[in-house]
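Enquirer: Each chain is listed here by its residues.
There are 2 protein chains.
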Amino acid sequence: MATNIYTVIMAGGIGSRFWPSSRTARPKQFIDILGTGQSLMQMTWDRARHFSAPEQILVLTNQLYEGLVADHLPEILKKNILTEPSRNNTAPCIAYAAFKLYKKDPDAIMVILPSDHLILKESEYEEKIRTAISFVKDKEALLTLGIQPTRPDTGYGYIQFEKKADNDKVLPVQSFKEKPDLRTAQSYLDSGSYLWNAGIFIWKAGDVINGFKKFQPELYALFASGMDLYNTDQEAAFIQQHYKEAPKISIDYALMEKANNVYTVPADIGWSDLGTWASLWDIKEKDEQNNVLISQDRIILTGTDGCIISKEPEKLAVIDGLSDYIVIDQKDVLLIYPKSKEQQIKNVIARLEQDSEANRYL
Amino acid sequence: MATNIYTVIMAGGIGSRFWPSSRTARPKQFIDILGTGQSLMQMTWDRARHFSAPEQILVLTNQLYEGLVADHLPEILKKNILTEPSRNNTAPCIAYAAFKLYKKDPDAIMVILPSDHLILKESEYEEKIRTAISFVKDKEALLTLGIQPTRPDTGYGYIQFEKKADNDKVLPVQSFKEKPDLRTAQSYLDSGSYLWNAGIFIWKAGDVINGFKKFQPELYALFASGMDLYNTDQEAAFIQQHYKEAPKISIDYALMEKANNVYTVPADIGWSDLGTWASLWDIKEKDEQNNVLISQDRIILTGTDGCIISKEPEKLAVIDGLSDYIVIDQKDVLLIYPKSKEQQIKNVIARLEQDSEANRYL
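Going line by line, the protein sequences match chains A and B.
Note that the numbering used here has the first sequence beginning at -17, numbered continuously upward.
Note that the numbering used here has the second sequence beginning at -17, numbered continuously upward.
Each hint should be verified, as a subset may be incorrect.
One copy or two, either will do: identical chains are not told apart, so a pair holds if it fits within one copy or between any two.
To be verified - List time: in silico DSSO-like cross-link candidates among lysine-lysine, alpha-carbon distance up to 30 angstroms: (1) Lys146 / Lys86; (2) Lys121 / Lys159; (3) Lys293 / Lys119; (4) Lys121 / Lys195; (5) Lys196 / Lys103; (6) Lys293 / Lys321; (7) Lys196 / Lys161; (8) Lys328 / Lys297; (9) Lys266 / Lys313; (10) Lys323 / Lys313; (11) Lys313 / Lys297; (12) Lys196 / Lys230; (13) Lys85 / Lys226; (14) Lys146 / Lys119; (15) Lys145 / Lys196; (16) Lys61 / Lys85; (17) Lys161 / Lys240; (18) Lys230 / Lys240; (19) Lys293 / Lys328; (20) Lys293 / Lys323; (21) Lys293 / Lys195; (22) Lys297 / Lys230.
Honestly, the hints are just simulated from the structure, not real lab data.
Chain A on its own, in the form it takes in the complex (with noise of 0.2 angstroms):
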């Protein structure tokens, strides 16, 4: 691949839909979520490297998390780690990676993946990237991943698209949409001509900057009036000072839906942002009785079905009589949660957070 093909990974979420496996300490992304011995940021690192050498990918990330990149990431530059002193969603995000790298290589390709989200099919993604990356090259447009809806999902947001000829592998976008009510979710995909938003862009740093001077003035002033400092030693005293006033905006709202230069490439590639459990019970493996195990071993199970079960490695579970439950054991917590009712488990937390006594369980 062309050397000026940088990878941002987006990795401040705090996220709490897979509590108590996730924790404040220590979230969705530093988790090995899928048994697999990999946490996602690891997973996501494997795919940046395809396109990124390790001086080539940024990490986006809170304060908080900064060592926990660097375990997770034995390759990373330290130097790459950029922390956030305050969250204020996605646009500031990028636009910060975008001017850096743009101060850097004027000609750097940027690929903003999520830290957690999950991709099956590898060689797909790897195919629709480097699409990807040749439409935007040559060209002014901000591109976003879009995912082949499977099922009329409420979770996600959507992109319209303008179908063009029946071989287009990039596609012009109409518009986006926010997350729809099940009846409207069915019409897109019964229309064919809508995708899911999966929050993976790739366009030219200068291309993005020169969107955010067209639609969020204010934002292109505070990350510009830094340019001088991107890669100093004065940089990071810049960002902790002025980071926080950033308007806190998202990507979506700050410039994809307000540009006209949109573009997305259909994507099946077996994607999912894994933000509930039952996402997780639908991508994972499962055994006779369609229960799927995060750890196989030491556990007991009889008239059980459909579960979700994590536990720690070396504990043994007996486990009778349960159907479509969550079962997650962690040392200090055990949630046992019907996984229709998983919604739910955020007024559980919503009450830990109120109890102060409660909050080493968050």
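Using the hints provided, position chain B relative to the given structure of chain A.
Expert: The following block gives chain B in isolation, referenced to the frame of chain A:
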């Protein structure tokens, strides 16, 4: 009380009914099954102390548990912990204690208590034991406490008594009945002349020795042969060598069912043999949803009723949508089992016994 009242606590059981709370290395009598801060052993000791000074209390236990007995009972005299080199059921155990006490004090009255039962009504219990002691003091009688049945339980043996006068506190026993089927148990309950056999016996040491002499001559001869050695420094060696030669037989079968000088004191003392998780659920205080929580703190329940839940004190348990389950979370074992199927837990234990790697969970 008189100073010739000796309590013999039988603590040799290795019952696996409360697995995984009870283990081979720490059976039921040594666990705080009620969550009160006291083991059943300690509660039994406290009851014994109402009638006997520490030097008058013997504990018979398996060699494995000598250290545990000493740990749980700081008041006990080391020489009063009698270890059985083999498990020979209750008759040899009682014969050994009877000979040893008879040699020390020919007027010794023995109160024999299982170490792992529950008695909730302490003052009624005390009163019944006093009645029994008064009765056997001047009469060659084998007396067993009879528990007033409250349901047609098929898990207990029954005592059929001969009713004489309404205000008789001690009644002759007509026969012993083995665990009945439900229909028979119901007929026993309806008749009003049956009691549960609780394994609590009161008699003079000399009288039970006479009983053995008459009905179990082999057992009698074996323990009589050690008469010169009891309460000397040669006792332990004698027991170590010969105890295992004793017939393996229960006191009920060896003596109670055969003798014609058997009496009972009907007692309503809030007794349970705590033989099953369900029996523990029966007797424990419940929350508004009929859940029994062994440790109250750090349990968040929704839509959960009729359960019995036990966990490490510092662990948080979040449980939704379980009805009538046993949830036992130990450091190395998690059990989630329907209360109605608890008899099948023994199949799990049998399976673990077959597997040398899994033995450590027993």
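Enquirer: Which hint numbers doesn't this structure obey?
Expert: 1, 3, 5, 21 and 22
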